[in-house]
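There are 2 protein chains.
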Amino acid sequence: MIVPDLPARVDVAVVGAGLAGLAAAEHLRAAGASVVVVEARDRVGGRAWSEALGRGRFDRGGQWLGPGQDRLAALADRLGVATFATWSTGQKLLDDGERVRRYAGDVPTLGPLELLQLHLAIRRVDRLTARVPAADPLAAPRAAALDARTVADLARHLPRRVRGVLDVAVGAIFGVTPAELSLLWFLAYLRAGGGLMNLSTIAGGAQERRFVGGAQTLAERWVERLDAPVVTAAPVRRVRQRDGEVVVTSDRGAVAARAAVIAVPPPLAATIDLEPAAPARAQLVQRTAMGAIVKVVVAYERAFWRERGLSGEVVSTRGPLSVLFDNTSHDGRQPALVGFVQAGPARRWNGDAAPVVAQLVRWFGAEAAAPQDLAITDWCAEPWSRGCPVAVMPPGALTTAGTTLRQPVGRVHFAGTETATAWTGYLEGALESGERAAREVVRVL
Amino acid sequence: MIVPDLPARVDVAVVGAGLAGLAAAEHLRAAGASVVVVEARDRVGGRAWSEALGRGRFDRGGQWLGPGQDRLAALADRLGVATFATWSTGQKLLDDGERVRRYAGDVPTLGPLELLQLHLAIRRVDRLTARVPAADPLAAPRAAALDARTVADLARHLPRRVRGVLDVAVGAIFGVTPAELSLLWFLAYLRAGGGLMNLSTIAGGAQERRFVGGAQTLAERWVERLDAPVVTAAPVRRVRQRDGEVVVTSDRGAVAARAAVIAVPPPLAATIDLEPAAPARAQLVQRTAMGAIVKVVVAYERAFWRERGLSGEVVSTRGPLSVLFDNTSHDGRQPALVGFVQAGPARRWNGDAAPVVAQLVRWFGAEAAAPQDLAITDWCAEPWSRGCPVAVMPPGALTTAGTTLRQPVGRVHFAGTETATAWTGYLEGALESGERAAREVVRVL
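Protein sequences, first through last, are from chains B and L.
Numbering-wise, the working numbering puts 89 at position 89 of the first sequence, and it's gapless, one number per residue.
Take any residue in the second sequence, count from 1 to its spot, add 1000: that is its number in the working numbering.
Heads up, a few of these hints could be off.
[Unchecked claim] Here are some, though not all, of the chain L residues that point toward chain B, as calculated from beta-carbon distances under 8 Å:
| id | residue |
| --- | --- |
| 1 | 1007 |
| 2 | 1180 |
| 3 | 1401 |
[Stated by the list, open to error] What follows is a list of derived Cβ distance ranges for each label pair:
| id | chain 1 | residue 1 | chain 2 | residue 2 | range |
| --- | --- | --- | --- | --- | --- |
| 4 | L | 1253 | B | 30 | 55 to 63 Å |
| 5 | B | 130 | L | 1402 | 33 to 41 Å |
| 6 | L | 1318 | B | 277 | 46 to 54 Å |
| 7 | B | 30 | L | 1353 | 41 to 49 Å |
| 8 | L | 1444 | B | 8 | 41 to 49 Å |
| 9 | B | 135 | L | 1139 | 41 to 49 Å |
| 10 | B | 30 | L | 1139 | 54 to 62 Å |
| 11 | L | 1353 | B | 68 | 43 to 51 Å |
| 12 | L | 1008 | B | 68 | 56 to 64 Å |
| 13 | L | 1253 | B | 277 | 17 to 25 Å |
| 14 | B | 410 | L | 1005 | 29 to 37 Å |
The set of hints was computed from the structure by calculation and includes no laboratory data.
Virtual Cβ for every residue (Gly too), placed ideally from N, Cα, C.
Only chain B is shown next, with the shape it has when bound in the complex:
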């Protein structure tokens, strides 16, 4: 439950009330430890954040559930949060900046030679992915060489339009351009999520289902049932270890604990003053950076795209939106689309919705010109995320800054989807990471 004040002393202080922190708290309570969860925002859920729009409740943040995300499915089930299939019936559109074409299947329409090269590129990525263990990318054959390259380098010899489609996929998954990613880190991430196509698709992939009431409902209901206090609007500034005690200091006071779990994205964890300092971790964490996403939900009176045989899915190599999906509410009462501005254009986002609406008109015709309502979430402007959907790693970090983001520092342990070894970057990974951190803590309490 949410309480106004920090207790003076607990067994474990958990920093962050996203799904990772809540998972850690629940597992620690189940093991008999006393716990407090300390959250910077005035709400719980972290990157899961849902708000009312028109006749529905929509997600400003993470919103999908896919096959193989078993912890997430079980949690929804347990908390009584229903799920429903993401709409994917109908043809998709590819806007290559010149023309808008319809296509069916998982891969956009290109010329036959381009299509072949796209398939070959995907197969090549799949083959490389299979060689990289998600939990220990440095154990991959030729790990250092893979870590010295970027994903852009891998795509360098592909035709422009094929590269454009891959750029959109990388932007949608990571919120960055391919040049920003270590190839080794990228492959480990794909491996953790079942491969590139699995992460890019709706039916049978990571975008398969949605939550009735939005993904934040999970966090809200979880906190109600959690047998541990949660203190919100309490940014943690310092974590001090001395004589086997950990003191966690927030803007709403301090709590003494026997151990702590920091369950916030690595670039945010870097802003928490650890004492004593953790030099090796600091070098690695400095090398992580959040992707950039502006998420736009557009509500309409009617799902006119469906009426024209379109699924609502669009891949566009011209901005501001790079990808679009149908985002109608589970009961169909609020037709909607959801689009993403990614990487560079998201970092330069100026708040002007007009070019977004112009894209929708280009794709779906005049009916798209008058949305009922529009909700724009610029994740870079969220001070307690500083970007979305996930923190990425540039080349050279894994091999030289060593160890992993999961490595505890004394009695301070780390959770958060970036530390997960399965479904890194997804809600599922957040849950896995929280459980793993809780297990570590239970062993040393």
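Given chain B's structure and the hints, the job is docking chain L onto it.
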């Protein structure tokens, strides 16, 4: 002068008492503004930090002065800090992991073909460097393509030993591996410092002269003369802008100002809570990361290397030390060497000096086995630097996270050597950046 308490109100609050902050403070005072300098450490000087060792005073941090660093030379002159030539007489050594060879000149002895390829590689870097404007790298021809590549990618086809020598040079200049650097950012940095060879050499280059009493003497004397209070041991946690006022909050209280200059390395600036948030800057700053350097000063009774016709300069492609220089005190009374552990090995540094001494014995014989004294500075373990010598940028950051580290945010301006357009990363750059930030502030006060 150093004072115990922050004033309640000044015209400009300067965060950081390194050379950048002090330069800003002096120029602001000269323009008639009231100023306070707020410093996290219990000393001034930032990455300039000198301590007694044996019969001399040595630099744990930045220590060199080169031709073209006019602000730095003038400052030393004005503050009465004498300089002297770095010792470079005698032959140098190259340790390629198999053999130790002597060489003369600026480029290590390799086979004739390797030597040719090294020269060609340097010429290629020089040609590329000439195309990139230091102050505006995005204006370079094909900037995006250069930013999508790493320096490792540029060196990929070179023979192993040539690459080894370039790795050592990159490690010495940046504290990182070539894979960690955007080629575009790297070229802009070289351009700002007069080119690769200029940054790599002693006589005629960036390591030409040293300061009697160490580089920190500059900061110490400057603070004595500065007509503005300096408060140390006061880490700044928050900078809030509201109604044209800037409130700077440190662990030793807050000061209200009309403007602020943040003069700390970008990854440290990222730990200061800016309110309102600066999303575009936050995305860029997250993408910077400090290099890793462990600096080792070894004092001996006699400069035995000189007696054998050696300059003390060593390039080693095998660690822990990658480069070594003579570091004898200006008066010759304290013979010494200074070596650097770089990038990966610096990040994994475990404090054991034995392998370093073993290297010195390998290079100079048994006499090296018994140092008089030894001072090791692990810059990654310095909480108010988190690495050294400089914050670097990975591929894709400049082109997509846009603008520059110099861009003010409202009434908050940014200094620090990373924001310099001449001698970025050097003491000289720190001075330039402080002056530039002060000029910006004077225009808007």
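Comparing the hints with the structure gives:
no.: 1; hint: 1007; result: violated (24 Å)
no.: 2; hint: 1180; result: holds (4 Å)
no.: 3; hint: 1401; result: holds (5 Å)
no.: 4; hint: L/1253 with B/30: 55 to 63 Å; result: violated (44 Å)
no.: 5; hint: B/130 with L/1402: 33 to 41 Å; result: holds (36 Å)
no.: 6; hint: L/1318 with B/277: 46 to 54 Å; result: violated (29 Å)
no.: 7; hint: B/30 with L/1353: 41 to 49 Å; result: holds (47 Å)
no.: 8; hint: L/1444 with B/8: 41 to 49 Å; result: holds (46 Å)
no.: 9; hint: B/135 with L/1139: 41 to 49 Å; result: holds (43 Å)
no.: 10; hint: B/30 with L/1139: 54 to 62 Å; result: holds (58 Å)
no.: 11; hint: L/1353 with B/68: 43 to 51 Å; result: holds (50 Å)
no.: 12; hint: L/1008 with B/68: 56 to 64 Å; result: holds (59 Å)
no.: 13; hint: L/1253 with B/277: 17 to 25 Å; result: holds (24 Å)
no.: 14; hint: B/410 with L/1005: 29 to 37 Å; result: holds (34 Å)
When the structure is compared with the earlier hints, violations turn up for hints 1, 4 and 6 and for no others.
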